[in-house]
Amino acid sequence: MADLVFFTGTMDCGKSTLALQMDHNHGTRGRVGRIFTSQDRAGAATLSSRLGLAIDAIEASDEFSFWTYVVDDLTHGGRIDYLVCDEAQFYTPYQVEQLARIADELEIDVFCFGILTDFRTRMFPGSARLVELADRMEVLQVEALCWCGERATHNARTVGGEMVTEGEVIVVGDTDEPALDEPALVIGYEVLCRRHHRRRLTVARARAASLSPEPLPFG
Numbered sequence: 021m022a023d024l025v026f027f028t029g030t031m032d033c034g035k036s037t038l039a040l041q042m043d044h045n046h047g048t049r050g051r052v053g054r055i056f057t058s059q060d061r062a063g064a065a066t067l068s069s070r071l072g073l074a075i076d077a078i079e080a081s082d083e084f085s086f087w088t089y090v091v092d093d094l095t096h097g098g099r100i101d102y103l104v105c106d107e108a109q110f111y112t113p114y115q116v117e118q119l120a121r122i123a124d125e126l127e128i129d130v131f132c133f134g135i136l137t138d139f140r141t142r143m144f145p146g147s148a149r150l151v152e153l154a155d156r157m158e159v160l161q162v163e164a165l166c167w168c169g170e171r172a173t174h175n176a177r178t179v180g181g182e183m184v185t186e187g188e189v190i191v192v193g194d195t196d197e198p199a200l201d202e203p204a205l206v207i208g209y210e211v212l213c214r215r216h217h218r219r220r221l222t223v224a225r226a227r228a229a230s231l232s233p234e235p236l237p238f239g
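Each residue of the sequence shown is one higher than the one before, starting from 21 at the first, in our numbering.
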């Protein structure tokens, strides 16, 4: 029996690195797979890790049909033992249902990698459907850290170092700290603990305050 597995965690916890490792491990054992991604930071049709590793992939736009692709490939003599699906939070619920059908009816293992919630702390529709349908969900053990050193639990979008909670759900940005000469309105992402996400205290704001003690939550 094939499985649909969802590997998840915050940004910076090594999801794409694990996706690359998963493909490598299965490939070295003679298994044949296909790699998919969506809106990777390195560009279309690329699965990239923040460690600098990258590999060609198949871009899964909203109109892409996993079921049609796999069936066509198999019909024309191709072999597929597994699928590696990165940035799965960007998949549509219907695409996730196709992946479940591929595992059930074609007996092809499907390994999905993605984050659960967006910068508003709301679940991505694709991630929500994966939680509902996956045979199992694995929370990655490599913990991303907030700037304060505590375990990061929330993804934050920043504009010029200030955290924002409104705007388009999908905007490609960077998690690297911006250079001092970058435009003031550069869009980025960082991970925060719940306390600092609630207070919108980003690393830029903490530096501006010279890491001074936070005011007591009175009043």
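FYI, nobody ran anything at the bench for these hints, they're computed from the structure. Computed from a predicted structure; not experimentally measured. Don't take every hint at face value.
Pair ranges (Cβ atoms, derived) [claimed, not checked]:
(1) Ala228 with Val189: 43 to 51 Å
(2) Phe84 with Glu182: 20 to 28 Å
(3) Arg156 with Phe84: 21 to 29 Å
(4) Thr88 with Arg225: 29 to 37 Å
(5) Gln59 with Arg215: 38 to 46 Å
(6) Thr185 with Glu163: 21 to 29 Å
Don't be surprised by glycine CBs; every beta carbon is placed ideally from N, CA and C.
We went through each hint and held it up to the structure:
1. Ala228 with Val189: 43 to 51 Å: 28 Å, violated
2. Phe84 with Glu182: 20 to 28 Å: About 35 Å separates the Cβ atoms of phenylalanine 84 and glutamate 182, which means 20 to 28 Å is violated.
3. Arg156 with Phe84: 21 to 29 Å: 25 Å, holds
4. Thr88 with Arg225: 29 to 37 Å: 47 Å, violated
5. Gln59 with Arg215: 38 to 46 Å: The hinted range 38 to 46 Å is violated for glutamine 59 and arginine 215, with Cβ atoms some 30 Å apart.
6. Thr185 with Glu163: 21 to 29 Å: Because 24 Å falls inside the window, the suggested range holds.
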